[in-house]
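Enquirer: Sequence:
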Amino acid sequence: MTHNPGGRPGAVVRGGRISSGDVALQKKLNAEAPRIPHLFGRIAELFVPHRLALALTVVLVLAGAALSVAPPLLTQRIFDEGLFPKAGGPDLQRLVELVGFMVAAYVVSALLGVWQTYLTSTVGNSVMGTLRVKLFSHLQSMELSFFTRTKTGVIQSRLQNDVGGVASVLSNTVSGVVGNIVTVIAAFVAMIALNWQLTLIAVVLMPFLVVAQRRVGQARARIATKTQESLSDMTAITQESLSVSGILLSKSFNRQPDEIGRYSAENKNLVKLQIRQAMSGQYFFALVTIFMSSIPAIVYLVAGWLLTGAGPLGTGAITAGTIVAFTNVQARLLFPLIALMRVALDLQTSGALFARIFEYLDLRPAIVDAPDAAPLPAGAPRLGEVAFDGVTFRYPDARGGERATLNDVSFAIEPGQYAAFVGPSGAGKTTVSYLIPRFYEATSGSVRFAGRDVRDIDRESLVSHIGVVSQETYLFHATIAENLRYAKVDATQSELETAARAANIHETIMSFPDGYETVVGERGYRLSGGEKQRIAIARVLLKDPEVLVLDEATSALDTISERVVQQALDAASHGRTTIAIAHRLSTVVGADVIYVVDHGRIVEHGTHSELLAVGGAYARLYAEQAAAPSPARLSRPA
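Sequential numbering from 1 applies to the sequence shown in the UniProt record's numbering.
Don't read these hints as lab results, they were simulated from the structure. A virtual CB, placed ideally from N, CA and C, is assigned to each residue, including glycine. Heads up, some of the hints might be wrong.
Said to hold, decoys possible - Restricting the straight-line Cα-Cα distance to at most 27 Å, the calculated cross-link-like pairs of lysine-lysine (DSS-like) are:
#1 Lys268 x Lys151
#2 Lys134 x Lys151
#3 Lys226 x Lys151
#4 Lys86 x Lys272
#5 Lys226 x Lys134
#6 Lys86 x Lys134
#7 Lys488 x Lys543
#8 Lys86 x Lys151
#9 Lys268 x Lys488
Said to hold, decoys possible - With beta-carbon atoms standing in for the labels, derived distance ranges:
#10 Val614 x Gly390: 16 to 26 Å
#11 Leu56 x Val107: 33 to 43 Å
#12 Glu522 x Val614: 30 to 40 Å
#13 Leu56 x Thr392: 52 to 62 Å
#14 Thr148 x Phe512: 29 to 39 Å
#15 Glu522 x Arg42: 34 to 44 Å
#16 Tyr263 x Glu610: 28 to 38 Å
#17 Phe476 x Val133: 18 to 28 Å
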């Protein structure tokens, strides 16, 4: 069967965005998505496990905010009671006391700030780490079809760019909001206490600034969404183009300039969005800064009116200390107020990122354990038996409909039996192998394992009894030993060598300078195809499953490599149920039973000699392959 991710069978994914280009499917998913609580309510829930640290942070913020307005008030006392008392010259004793209080306020405020930063950083980064792991764990639970329809780079972008994009909000929001609100309130109270007429002048334009801030925030949120989508596309292009497979492809077709052009075009779009995001709201904040910075000059003018009685706000006693203290308090109002507005904008912007994160967290896996699913007990009777009972499987096509891959398929494979599935490409052979471990779910009918419907078996238990060797061998960028231990974490060196010998790869491994500590490179590209395949076989043997699924495990190999790997496969299949998906009939002529699949149906089955004698579909396939140049024919040893 041709391995084409775009054409692989897959269940409908519900509840979230699949890819940036699949608009129709996205609309369908959004329609099916459940209603979720208010976005910021969900964000608040992330902080619940850290409520004690948050409570202490709030206390520190309140204390720090209260201390922040003390120096301006002390300034008034310093002027009016220390420097310019009503009678005589400066009162040095009183001046020393007041200056001492001011310095103490600064010291305590600074120490509280350090403690507060530690708490907010700890809480923020812990929440971000938890969110990242939660998202990664949830993606691990998604069915295979989700990953065949979603670019790897897009998924990586959700984990890295989107979660990373809310880091500062998670770390600074609580302290920023609480601290600045308290500072602003305290500053207003102090300003009113000093002179209510001057306070009225200072706050007259505030309502207009709040309305303008809301509009700016909405614009920034829209730009943030587009920026994250562009980052996703950039990550996807990077992952596709700079992987070993992508580099080989581009070099093979001299398409490096095109890849650079594709990357450059998206990068240009991203740069424009980032500039728009950086500049959005700058004129607004410039206006706020001008307004707030101009207030001291206006205060001096109004103070003059108050002193002379020439202004519309009446007259009254006002001292130089009051004027200096008021302008100091107002100056301390400027930065917290601007910071509050920035936090509000950041919250609106980060809301778009959180929406993208929650969009993935709200995806509902199409394949989950039933409430009463139970594991297979050790030594269960008929362990290794596999049966299909009227199984039909459909997956969505490009036009929004469904196309059947399997139609009413039934068969039974006895424990220890070697069964092969053959047929033309696209007939549905690989789908059979994916339904057994529940990588996909049957649309109708039942798949049975050890006499039980696979939907009634705990999936972890089911998969533990099944080993898969596919044509597309995947090895991590790690040592050979680490790749083997992926099947059994606590495997001893002796167990590794036993599995490698059974897979006919031990001597090859020992010929490498570093032996089992040899790093195989990205996707194992430092090894030949046959070497990678035999290491994959050794990995499955280390797992020691009752059922071995071979999905065209030798179809991509040359004749010599195929012979060596086939020998390893024959040894691996000994004593266990083996299901071989084969394109080359020469590799399965010794199978106990051969099922011929055509257009999603089993059209005939029997042994090699029985099927040749019938002269049907199998005989025609065998004759066609025999007439064409093909690798040496190997049969399973008796």
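Enquirer: Next step is simple, just say for each hint if it's right about the structure.
Expert: The hints, checked one at a time:
Restraint check for Lys268 and Lys151: satisfied, since their Cα atoms lie roughly 21 Å apart, inside the 27 Å limit. The hinted pair formed by Lys134 and Lys151 meets the criterion: a straight-line CA distance of about 20 Å does not exceed 27 Å. At roughly 18 Å between alpha-carbon atoms, Lys226 and Lys151 fall within 27 Å of each other, so this suggested pair holds. A C-alpha spacing of about 62 Å is found between Lys86 and Lys272, which places the hinted pair above 27 Å, so the restraint is violated.
Between Lys226 and Lys134, the direct Cα distance comes to roughly 24 Å. Compliance with the 27 Å bound is thereby established for this hinted pair. About 67 Å separates the Cα atoms of Lys86 and Lys134, which puts this hinted pair outside 27 Å; it is violated. For the proposed pair Lys488 and Lys543, the alpha carbon gap of about 6 Å is at most 27 Å, so the pair holds. About 77 Å separates the Cα atoms of Lys86 and Lys151, which puts this hinted pair outside 27 Å; it is violated.
Taking the CA atoms of Lys268 and Lys488, the gap is about 47 Å. The hint is violated against a cut of 27 Å. At roughly 24 Å, the beta carbons of Val614 and Gly390 sit within the given window of 16 to 26 Å. A hinted range of 33 to 43 Å is violated for the C-beta pair Leu56 and Val107, which are about 20 Å apart. Our hint of 30 to 40 Å for Glu522 and Val614 is violated, since their Cβ atoms are close to 47 Å apart.
A hinted range of 52 to 62 Å holds for the C-beta pair Leu56 and Thr392, which are about 60 Å apart. A hinted range of 29 to 39 Å for the beta carbons of Thr148 and Phe512 is consistent with their spacing of about 34 Å. For Glu522 and Arg42, the hinted distance range of 34 to 44 Å is satisfied, since their beta carbons lie about 38 Å from each other. Tyr263 and Glu610 have their C-beta atoms about 57 Å apart, which leaves the hinted 28 to 38 Å range violated.
Taking the beta carbon of each, Phe476 and Val133 are about 20 Å apart, inside 18 to 28 Å as hinted.
Checked against the numbered hints above, the structure breaks hints 4, 6, 8, 9, 11, 12 and 16 and satisfies the rest.
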